[in-house]
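The residues making up each chain are set out below.
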Amino acid sequence: MTIHDPRTRHGDASDGAMDQVGGRLSRVDGPAKMTGAAKYAVEQQLDGLTYGVLVESTIASGKVRSIDISAAEAAPGVLKVLTPDTIMSLRTASDWFGTPPPDKPYCPLARDITFSGQHVAAIIAETFEQAVAAAAMVKVSYDETPAITDLSDGKAGDGIPIDAMTKEWGDAQGAFAAAPVRICGAYNTPREYQAPMEPHGLIARWEGDKLTVWEPSQWLDGMARTYAEWFGVPFENVRLVSPYIGGGFGSKALALGHGAVAAAAAKMLGRPVRVVMTRPQTFTGYGGRAATRQTVTIGADTNGIIQSIVHRGVNETSIDGMWVEPLGVVTSIMYATPNFSSKQNVVRVNSVVPGAMRAPGENPSAFGIESAIDELSYEVGIDPLEIRLRNYAEQDPEAKKAWSTRQLREAFAAGAERFGWARRTPEPRSMRDGNQLIGWGVAAGTYPVRRAYGEAVVRILADGSVEVESSSIDMGQGTYTILAQTAAETVGVPADDVVVKLGDSRFPRAGVAGGSRLAGVMTGAVYKAATSALDQLIGLAISDPRSPFHTLQANTLVVANGRIGSPRGDGPDLSIAELLASVGRDHIEATGDTMPANSTAEDRYKNYTTIATSVPHTEGDYSRHSWCAHFIEVRVDEDFGTVRVSRVVSALDSGRLYNPKLAESQWKGGIIMGIGQALLEEGIVDRRHGRIVNNNLGDYLVPTNADIPDIDVISVGIPDLHSSVLGGKGVGELAIVGVAPAIANAVFHATGKRIRDLPITLEKLI
Amino acid sequence: MTDQTKSTTIPIHLTINGHNHELEVEPRVTLLDALRDRLDLTGTKKGCDQGQCGACTVHVDGQRVLSCLTLAAQVEGREITTIEGLAGEDGTLNAVQAAFLEQDAFQCGYCTPGQIMSAVACIREGHAGSDDEIREYMAGNLCRCGAYPHIVAAVRQAALEVAS
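Chain order of the listed sequences is A and B.
Using the numbering used here, you'd call the opening residue of the first sequence number 1 and step up by one each time.
Using the numbering used here, you'd call the opening residue of the second sequence number 1 and step up by one each time.
Bear in mind the hints are in silico, worked out from the structure with no lab data behind them.
Hints are supplied without guarantee of correctness; some may be wrong.
[Claimed, not checked] Quick list of the computed label-pair ranges, beta carbon to beta carbon:
hint	chain 1	residue 1	chain 2	residue 2	range
1	A	Ile766	B	Thr9	30 to 38 Å
2	B	Asn17	A	Arg506	30 to 38 Å
3	A	Gly752	B	Arg28	50 to 58 Å
4	B	Glu76	A	Gln45	46 to 54 Å
5	B	Gly129	A	Ala17	32 to 40 Å
6	B	Glu76	A	Pro84	39 to 47 Å
7	A	Gln45	B	Thr9	14 to 22 Å
8	A	Ser599	B	Leu160	48 to 56 Å
9	B	Asp61	A	Ala156	36 to 44 Å
10	B	Thr92	A	Tyr106	50 to 58 Å
11	B	Glu76	A	Gly420	54 to 62 Å
12	A	Glu73	B	Gln74	25 to 33 Å
13	B	Thr15	A	Gln45	20 to 28 Å
14	B	Gly129	A	Gln45	35 to 43 Å
Glycine included, every Cβ here is placed at the ideal spot set by N, Cα and C.
So that you can see chain B by itself, here it is in the shape it has in the complex (with noise of 0.2 Å):
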């Protein structure tokens, strides 16, 4: 059974948070499932596994990716963020956060790390002009809870904090 136990691994060296983490997988391996399954950084949710659903959003160098979609071998060297990764080291709740918990923008839970990780791109974008324009680009989020007006408010809110 041995040699059979074993496939075929590569090392990879992911920078996380912007902590450095060695990992030895197999080249299949999503980003999202060395996350979940390797790093126990469970906070990025599996909701699909598919692309469709938008639970498992991190960024890359600053933009939003869907980890399920993405191996962790493709991001070798990039900046990875997640969402344990964006309140302050003494755990104050960045803007978005602190305006997800304010307005009551989840339910569940579920999806909301995915939710915070699409707002912070989506208003680094400079696309939280209008609520219309939030709700298109948040689209690529579902909430089966239906928080979905709470997130537009929240997503709104925290724009204005981080302009001012």
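Next comes chain A alone, as it looks inside the complex (with noise of 0.2 Å):
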């Protein structure tokens, strides 16, 4: 996993500005990714390996009445095929809060069906081609039930209310019925999936009572813990290795079915064995985006200040599984508002339990409200930039609590600026280039700051260089880079010394990779560790008697750019190295966390498997949030109702950014999986089989190159030290929040129509 090769190191500053935290360094990772040479998980080469293919259901709702595999067990190369009756017993796990589970087996190949595309048995075969047109002849027959199939099913119903979810101050309804204005919508997201380019898979192997397994994952010790469980293994047992992570989105934070058939497999044969899904089966293996539905009432003055907003939310999961999807999470934050109500129920369906997508809760909740908000400033004919700032939050409306950071008021101006807002014309179909309506649409977009623990290990090795191990992960977001930079400006050394080492879950802990927490967790971790390895170098210096800092008397030394000496800049002058090998070491090493003081081992084991010590984002005296302003420019045409985004300007606090480079380059990407959200994506549902009809990259409509233009980001962060050990908040999830709202407002501005329900296809507008 070497990374480096000083050779193809691009950057932007020509001095070592560039090496520290903020500077503008490139990829640590690239060069191994532009040549191929960066193995993903399931590429590992091992003697041995076999090739497992799962078996899906073609029903919705029912039970399997029987399985023949006659045909596929006789099929050449086969070598093991699973069904209920066959696999091993696994027991459950406790889920990612960790709470204890039910005593009871567990079977991830199943009898009772509650979705089209579960996993019903599996063939083990010598070659991939094998297992595949084995595969293809296991029979399955059901007794088939009634599905529900999405939650526009007459049987769907109302739901389950989830009081969790409630969040109500002052008299919202009374509020509303007195006010002057009044609007009210109605705002639905269809199921979307992360449809990450790598498909999910692993490769297990059972040594003894010792599994490894090669997985990509955004999570090493949360998965590595539902392992341990599932075969009842001690958690030291199970290792999990993600060197490179094709794209997660929030799919791979978690270990799933078809990782357990294929461990189990692994076991039963004693033989390492590859389960990689098929693109379709990437749409029901795990869940994507649930679909949802809001009511947004705002009730408001004349003059557009906001006096009630009443928002009801539903957001479907599956039949044996409980997802939660918060509607109300920007809702109940984004605007001042003296009277607020927001509920919300959650509505069985006969799907896969719907996981985590791209700023899970605030996405679709920033549809709601920030579509809202933009139908208001029509409604009292106010600008809808201008009526965002009359409404302005000067603090948290709900926890009552100062922001850490709201850089939203610069973020606004800065992207208004630069957009040009000002030279836009009020009425809607009032712009227009040829037979092209051009509407020009903003919305603001919100993240949590969500914060936990991590550790790493710093050394600095005989030849100066420095290594950093922690069981972290890079799925695109920088992670090799960011903290390499760290190491290196902690240290003093350039970054080419630095050798990041992650995704092995042996090497020191760290929690999920997900709500864009961690860069902000790790970072902080590996500044501890290298500072701590920094003052046992000094300390080594200064008192060794065999060192050449010994006589000098020192209260500290220097280092930088691979040198020590003292501050003053008389007395001696070494390399890392050679004060190294003056005082007979040959490494240094130090670990770093930031768990809190006094924690024990089980504090520990809880903050790295599981995600109940997560620290909540309004801890203390402060309310901590990223925020983002978008700008929007859209062409639809006026006969056939085609939209195009023809230019974005977006503006964003994620606080201290510790790569602009790569920041930018993920800001840019949520925007366009919001580009994708608002014009293009859809699991369509086939009501009679409640199948995903359109379970492949050609019908599941991702944006192409060819749908997205030049996009122009804007950071308008300051530090903010409450939110993270050097000053960062969150990056990976913020840019898509108000994206969608955005082009819907955009639409609106161009065509008069207001479209509620995503994705805006051009059969809404004709």
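Join the two chains, each given in its own frame, into one complex according to the hints.
As structure tokens, then:
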């Protein structure tokens, strides 16, 4: 996993600043990814590797009556056919909060079918091709029962109230009834899919009672815990390896059924097993974003000042699993309101349990409130940007606490300036270019600063280079690079002399790479470990009798660019390697973590293997969030209703950026996924069989290069030390929040048609 | 079991990145699976296995093709180039690879080999004349991380370098 090649290093600054935190260093894992040398998890070549292929249910509700495996068993190369009757028994694992599981067996192959695409059998064969062929020979017969296919199904009902989602203050209903201006809208978002380019899969290998799993993972320690509990082996016996991850977007944080099948097959066969989902299987093998429904009602005065917000939301979940997509999370904090009410239900449908997808909760929540306030702006005749400023929340309206930092006003100003918002004419359909109607829309977004704890080891090696180890991961956020910069700056060496090793659960632990928390957590841990290693180095230089600095009687020394000397520049000047040689040390090692003092081993295990210990963003005196404002231009063909996004300017407050080059890429990626959400993405359910019809990348449309214009991003953040050790807030999820409503608002400005149901497709406009 | 564990295989001879490889595989084995599972050339990625994402793009006789929709046996005697064959013997990145790195035209890196193989061909085909043309002729390679604007910038930069 060596990831450095100085010959190929590029960057935008010629001085050492590029190596520091905040510098625009190019990705240190870049050369490996440019040349194909980067080995992703399932690309390990193992002796005796076998290949598994899953067989999935073709009904959405009912029972498996029988599975005829005779032809498959006799097919060439087949080593094992697994069914609910033949797979080894596993134990139920705890959930991600660490809740003790019910004492009952877990079978990853289903007899009782609750959604189409459920794993019912698996073939293990000598080659992939043999497994694919044999899987097609498995004959499953069912006793089918009626399914609830989606939220619109007549059998779906009103669902289950989730009391924990209720937020209320003041008298929202009364204030709404008394308000002179009242608007009400119903906003829908469909099932959406993370669709990372690397499909989910793994290689599982047992050696005795020790399991190694090569699997793309956003959370090594959490997944290792699940595997350990399934198989009843100690946590330490499971090793997860995930050096590079081909995109996750929330979908690769948990161990899933196909992983249980692969690991069970490997144990039963005594050979390593690789199982990789087909692209269609990735639409049902785990959950995408739940479909949602919201109503937002706003009562305001004639100046557009909000008096009341009443919000009701519903999201779908599965028949036997629970997923709550928190729909009131942006509604409750974006604007100042004296009266507020938000409630939410979940509705069970015959689907795989939905899961986390980039900004779960914040994303659909913002579609509701940021569309609704746009509607209010037209109702009262006030510019959509101006009405947002008039209702600016000077503190967190829900927590009643000061913001740690909120550069949203600055974001509005910077974005409007760059976009040229002042040239906008207010009337819908008032801007055009030939037969293209032009619309300009604005919307804001936000994401909370989720905090947790991490640990890292920093070693200063005999040759003066620095090594960082952590079981955190890089799925494209830039973890390798920013941790190299953090260690380089803290110890005082060039970034080229730092090697960062991630993605192995044997390394010091880290929690989930989710909720945009990893960079803040891990830069803090590496900073602490590197500081401690530097202290040891300087301590040795000052106190060891063999050190050339010993006679200097200095209180401290300075390390810069890999060399150590006195602060005043007198006395010796040595490379780190020379100093270590002089005192007879081959390395210095320091562990750093950000756990509270006196944490027990049990605390640590819980911290790294569950999400139960993450710190609330409103802990203490402050409410901590990232913020953004999107300004978007659309062009709508007047005859055909086709919508193209032609210009995007977004101003974002993620606090201090550890590496602006990489943060800008992540922001743009979020905006592009938001364009897909607004215009293209929708899981379409076949009502007859409860199947996802468009379960592939040709029919589930994600943006292509030809769909995306140039995107202009502006950083308006300032360091926020209430949010993280080095002052950063969240980056990865923020930028998608608010894109879809900004586009819907632009489409309204272009056409005069308010689309409250995503995606905005042409048949809704003509 | 033994006679069942063997399917019918055929010998094939592939020329990949200038090196010769002898393989004994079933006729149904795709070029993509031959590269990844038989030859440890895992730089070529499997994103969909049905010709929709472009991650598996390689060159056959200099033309970009989807290796997931190409049988290994189809390309006997043809010149195959994969991502592993682009950089110089000494590891020097070619112009497109260097531009992708400099422009940060990737995040997770999984679509990147396919993007780069497409970009090399796109430039060679003369389809990198404007940003709009680049967007159109790179539209067959999906990138879910959303590196598209930077991919356009990288292709533009590399096209200029190749031309000069």
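Inset, instruction - Hint by hint, work out which the structure violates, then give me just those numbers in ascending order. - result: 1, 4 and 9
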